[in-house]
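Asks: Here the protein sequences line up with chains A and B, keeping their order. Residues in the first sequence are numbered consecutively from 0, following numbering that gives the first Met the number 0. Residues in the second sequence are numbered consecutively from 0, following numbering that gives the first Met the number 0.
None of these hints come from the bench; they were simulated from the model. Source: prediction; values computed, not measured. Take the hints with a grain of salt, since some may be wrong.
In the EDC-like style, the derived pairs of lysine to aspartate or glutamate whose C-alpha atoms are separated by at most 16 Å in a straight line are [said to hold, decoys possible]:
{"hint": "1", "chain 1": "B", "residue 1": "Lys298", "chain 2": "A", "residue 2": "Glu206"}
{"hint": "2", "chain 1": "A", "residue 1": "Lys253", "chain 2": "A", "residue 2": "Glu206"}
{"hint": "3", "chain 1": "A", "residue 1": "Lys1", "chain 2": "A", "residue 2": "Asp69"}
{"hint": "4", "chain 1": "B", "residue 1": "Lys168", "chain 2": "B", "residue 2": "Asp139"}
{"hint": "5", "chain 1": "A", "residue 1": "Lys1", "chain 2": "A", "residue 2": "Glu64"}
{"hint": "6", "chain 1": "B", "residue 1": "Lys300", "chain 2": "A", "residue 2": "Glu64"}
{"hint": "7", "chain 1": "B", "residue 1": "Lys300", "chain 2": "A", "residue 2": "Glu206"}
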Amino acid sequence: MKVCIVGCGAVGSLFAANLGTLDDVEVWAYDLASDHVDAINRDGLRLAGAGDVVGRVRATTDAAELPPCDFGIVATKAMHTEGAIAATAHAFANGSVATVQNGIGNEEVLARHCERVIRGTTFPAGKVTAPGVVQWDVKGDTTLGPFEPKPASADAIEQLADACTRGGMPTLAVADARGPQWRKVIFNAATNPLGALTGLTHGRVCEQPALRRLASQLVDEGKAVAAAQGIELDSDPEELIDYAARPEVAYGHKASMLQDVEARRQTEVDYLNGGIADFGERYGVATPGHEMIRALVKGVEASWME
Amino acid sequence: MIERVCVAGAGVIGSLFAGHLAQVADVSVLTRREDHARVLNDEGLRVSGRSDLRASLTASTDPAALPEPDLVLVCCKGTDLEELGARLGGHFPGATVMTVQNGLGAWEIVGSHGSWPMLASVTFMSGTRHSDEHVEYILDTATWIGPMRDTSHADAEAVADLIRSSGLKAEAFDDLRPALWSKLIFNATVNAVAALTGLPHEPRFAELERPSDLGHLVLALMDEGKAVAAAAGVELREDPWEMNVHATQRGSRHFPSMLEDVEAHRPTEIELITGSLVREGNRLAVPVPLHSALYQLVKAKEASWE
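Next up, chain A with everything else stripped away, as it sits in the complex (with noise of 0.2 Å):
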C-alpha cells in the first residue's frame, strides 16, 4: 500500500514516520521546505520525545515524481489546502484522501480536486525542531469517517485507520466522524484565540475566571451550531478545555495561534472560529463571540501590514 502525506509539518511528519516503520507500507510526503525533504531522504525522518521513531520515508518538493498512491493523508495549514491538493491530487486518481488538519471547511476543499475523501480529526501534536527532525509531544487519538458528500468506502477508511494504528497512531473508523471534529474545533476555537489575543498560556487563560466564562460562551455558541447540523459531540470540548490546562497536560502550552501571532504568520483563524461562524450563519445559529474573535484576529494579522 503506497501513502503520501501532504504537507509533511510537525502533524503530518508524526503519521509519515510511524507508518514508514511499516513493512507493507510505502511512504512518499510532499512538502516544499527542500532541506526538511533532503534530510528525510538522506537520514529518514525521526521522531522524538514521545516516541523514538525513525521511519523510511520517500520526500519531494515535486508533485511530479509522485506515484499513483492509495491514500494520502492532507497536514497542512488549513490555508495551504488548496494549493497542496491541486498539486498533489493526480496521485489520488484512484484512492482516497484524508485531512488531519484543523478546522472546518478542509474536506470541502479536497472534494473539489479528488473523489473519495476522508474526514479525520487527530489530536497528537509536536514540533519540527530540525530539518528531518520532530518532536513529538502529546501523544493521541485519531478518528476517520467518510465525508458525506463524496465518501471514500468503509474498507477504505478501514485499512487507512488499521495501518495508522499498527503504525504507533492509534486510529479509528467511524461511521460519522462529524462528533470528534467539532469537539475539536470548538475547543480549539473556544482557547487558541484567547491565547493569541492576551499572550497567556492555555493554563493560565483558564486560570482567569472571566477568561474561562468567555471560553464557555464560545464553547455555547459552537455547540449549538454543531447541534443545529445534527451533529453529536463526542465528549465536552469544556472537559478537554479543563483537561489541558492541568500542569501536566499542556498548562505552559502557547496555542498555535499565540505561536503563529508571536511569529507574524497567518493564523487559522478562518477554519476554526470563521469556520463556526460560517457554519452558524448557514444553519441560523447566532455566533456573535465567534464573528467577534475572528474581526480582532484578522485586525491582528492585518496590522502586520502596517
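On the provided structure of chain A, position chain B as indicated by the hints.
Replies: Using the frame of chain A, we list chain B on its own:
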C-alpha cells in the same frame, strides 16, 4: 474670577493646559517626579506646534508647597486618578476641581477625596511630549466642560472662557453627559479594538464589505454602547459610529493611547473607559457581551506582562 490654576499631572494634556493658561493666569504644576518639578521650576515649559509659547511656572510634588489655586485641573492618566485624588485630599479647600479623563467616573474618584465643587470635561486636543519641559500642540480640537457637583453652567462657562482666552478651544455645556457618552462609546470601542489588534484607528474600522471585516465588530460595539446610553436616559450628542467613519475617512491613522500603552506594556485605561461602560450596562440590565469580552481580553493582556 479665576486667577490661580493648579495643573495636577503634567503629561501631554496637562502640559498643553499649563503652557497655555500660564499666558493668562498664575499656573502651578503638581508633578509625580521630583526631577520633573525641578526642570519646570528652572526652565519653565515650552509649547511648540500650533502654538509657540514659553511659560514660567511653580512646580512641586507636594501640594502644600504650591500656592492656593482657584481652579485645579486634574490631568493625570486615568490609572493614576485614585492616587492623585488622595494626594490632593486635605488641600486647596477654596478651589473648584475639574477632571479631564476619558470614561465616566473620573470626577467621582477625585471627588471622593474632598468636598471641592466638581466640574468634568472631555478633551479632544492632542499633542506629543518631547521632554519634561517641551510639549508639541498637534490637534487643536476643543475641550468640553460641564457641571458635576455643586457647580453650575456659569462655573463651566467661566473655565471655558479662561481656556479660550489662553488660545485653546473650549465649550461649556449645561449637561455634559451627551458629549461624555458619545466620546465614551467611541473610545471604549476604538481603543479596545486597537489595543487587541495592534491596528491604529484607520479605514478598516469602518469596512463592512465582507462578513469578516472589522467594521461589523466596531458597529456591533457601538450599538451595544448606544443601547446602554439609551437605558441611562442619555441622548447622545454625536453618533459614535459616524464619529468613527468621519475620523477614518479623514485619512489620518491615529494611534489610540490604549494601543500605545499596550505596546509599551504599561497599564491601560481599560477600567475607566470600557470598564465604566460595562458596569453601566450591568447596572441597567443592558447586555454588553462584546464590550465585556474586550474588557476581559485587555485585562488579560495586561496580566500577560505583569
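Asks: If a hint holds in the structure, say so; if it doesn't, say that too.
Replies: Going through the hints against the structure:
no.	hint	verdict
1	B:Lys298 x A:Glu206	13 Å, holds
2	A:Lys253 x A:Glu206	15 Å, holds
3	A:Lys1 x A:Asp69	5 Å, holds
4	B:Lys168 x B:Asp139	7 Å, holds
5	A:Lys1 x A:Glu64	14 Å, holds
6	B:Lys300 x A:Glu64	48 Å, violated
7	B:Lys300 x A:Glu206	14 Å, holds
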